[in-house]
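Number of protein chains: 2
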Amino acid sequence: MKLTILFGGASFEHEISIVSAITLKAKLQNFDLSFIFCDQDHSFYSIDTSKMKATTFSKGEHKKMPRLSISNGAFLEKKMFSTVEHKGTVLNLIHGADGEDGTIASLLDFFSIKYIGPRVNASVFSYDKKYTKWLCEAKKIKSVAYEMFCSNEHKNIDMSYPVIVKPASLGSSIGVSIVKDESELDYALDVAYEYDKSILVEPFIEDVKEYNLAGYMANGKIVYSIVEEPQKEEFLDFEKKYMDFSRSEQVLKADISEELELKLRNTFDKVYKNMFEGALIRCDFFVVNGEVLLNEINPIPGSMANYLFEDFEGGLEALASSLPHGKRASVNYEYIHSISSAKGK
Amino acid sequence: MKLTILFGGASFEHEISIVSAITLKAKLQNFDLSFIFCDQDHSFYSIDTSKMKATTFSKGEHKKMPRLSISNGAFLEKKMFSTVEHKGTVLNLIHGADGEDGTIASLLDFFSIKYIGPRVNASVFSYDKKYTKWLCEAKKIKSVAYEMFCSNEHKNIDMSYPVIVKPASLGSSIGVSIVKDESELDYALDVAYEYDKSILVEPFIEDVKEYNLAGYMANGKIVYSIVEEPQKEEFLDFEKKYMDFSRSEQVLKADISEELELKLRNTFDKVYKNMFEGALIRCDFFVVNGEVLLNEINPIPGSMANYLFEDFEGGLEALASSLPHGKRASVNYEYIHSISSAKGK
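Protein chains in written order, with my numbering: chain P, 680 to 1024; chain E, 680 to 1024.
Calculated from the structure, these hints are not laboratory results.
Just so it is clear, the structure is predicted and the values come from calculations on it, not from any experiment.
Any given hint could be a false lead.
Copies of the same chain are indistinguishable here, so a pair counts whether it falls within one copy or spans any two.
To be verified - Below, a list of computed lysine to any residue pairs in the SDA-like style, where the Cα atoms sit at most 20 angstroms apart: (1) 809 with 819; (2) 766 with 722; (3) 742 with 874; (4) 730 with 1014.
All chains should be modelled from the sequences, with the hints used to inform the complete structure.
Here you go:
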């Protein structure tokens, strides 16, 4: 299968997007892959597959590679006497801002380029954790209690310590702190405000059971990954998470009951349906007293959570053949014609 | 003030966007205006101000005018030996799809073009009326009761007739019906499904008091329009609404108590703040037993609701100088550098 991996972006997660793309290059060896890099200034470059290594970008070598512009139906490469079209389905692998906030989705939609990834509504409801809470309330999905802080307001928190402080709209644990008592709160808020003006505070549940489940819809049915119990640490800091984005080894299925697996899948369904079609997402759940709580939606998970799927290549191919396509309104100027003729013009 | 009006779009409201743009040409006579038309195939054209009349578009004459491409910081016009940059603040006047669904917002954000209009989150929460209901629930704003229908499910309605049936994501009364009894329901649903796969059914409240209030935030403060009591008809059909988009005569202030005006303004605030910054929006309210209910948010109202403002030009200028700007993440390749040096590469 032909697939173009779009990665980079003007995002705090720019570097982990590069790591994700390099991982997928190794993981999708039966695919006919091409790579488009979005630089932090929003320029696009066509990256030769043999140059897909981290130092290409950190040393700025990509700037010598062909620049692309985006146009109806394709990315375009201007050559001396011709223009080459880079057509075909795109995998949106830009983590964080640009990729997950709806910008890239809208761009590809506007220019009628088919893509794997969350659509604009799905992006808005997963990128900002506050809106994920609204989604949970509307769809009756249980999630962790929370309070919102905005940089233009001050208030005390109403929950007991320890708490976890998160910028509302970043993944990969960037800007996240665990706060053990009130004396640490201001510093944690300051750190989080570096990244976002909306901050989420949640109770930090010690020894909580965590499970990750990924999936996508193909041919009208949801295909689930195995359930993983992620490696237990207080939480993954950015550097550990960064390494985590290069995972490609198949993991072991969590040792859980069929009943719990079914509960996780049912909650996944509620999140996914009528929202995430076209995307492969990973939901991170907590289980507290047998109750499944949604912790986070990753609409573009690190290295596409390849390590959770037995047949990752087959899955991506099925997803690529099931992408939603918007119905574009056709314009016939009926009203202008009728008004013009009434006026005799 | 220099301002570029962007209008058209691949939308059922394409034609009323043209009418809106022509109305603003007449209304903003002290501005240095330019016009960019987005055709239904998503091509951009620079329209000479003297050609800003409806028949230019219905006759396809715009296709002979200069084509533009969108690029970092400007729309570009290729000439024989040079490229002209169309820079400056854009007023997003594309009603409905493209303009109000987050697509144009993302496009302008991605290419760092300053614009008046709803940002992507605001677009998602106002374009699809289902998400407006979620917004109301989260922000404790009262609205009319509702039920959702999806084209892939069948169910009976739980409310008593008459009801109003609306496509979830269209404005301008397109596809909307009032249903007096059950025998008319299927037909009304079929009409609405022509336009959207999500349908909203609400009780039709006879003789309800309706009030419209527009506003925007400039210099950190919300500026309100006068409150209008719109012309009472069963509801405006598309042709009447179409004419409605060309309104430019200042209207009379509704005869309401100061207390009710304050209630309307407070509800407007709850809708606007931390969501619609950068946009001039119109909220349509119902008042039932003294209680204010949000009916609809118009994030790009017809002809920008100019007729509700005493100093419309001054207002737009103040808004244009108060536009939010996203903080773009800077990338320093810190992690790639540290990992590369650890590996000795």
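Taking the hints in turn, this is what the structure says about them:
In this assembly of identical chains, the alpha carbons of residue 809 and residue 819 lie at most 20 angstroms apart whether taken from the same copy (15 angstroms) or from different copies (15 angstroms). Proximity of residue 766 to residue 722 under the C-alpha cut-off of 20 angstroms is found in both arrangements, the shortest distances being 18 angstroms within a copy and 18 angstroms between copies. For the homomeric pair residue 742 and residue 874, neither the shortest alpha-carbon distance inside one copy (27 angstroms) nor that between copies (45 angstroms) is at most 20 angstroms. Proximity of residue 730 and residue 1014 under a CA criterion of 20 angstroms is satisfied inter-copy only: 19 angstroms between copies versus 55 angstroms inside one chain copy.
When the structure is compared with the earlier hints, a violation turns up for hint 3 alone.
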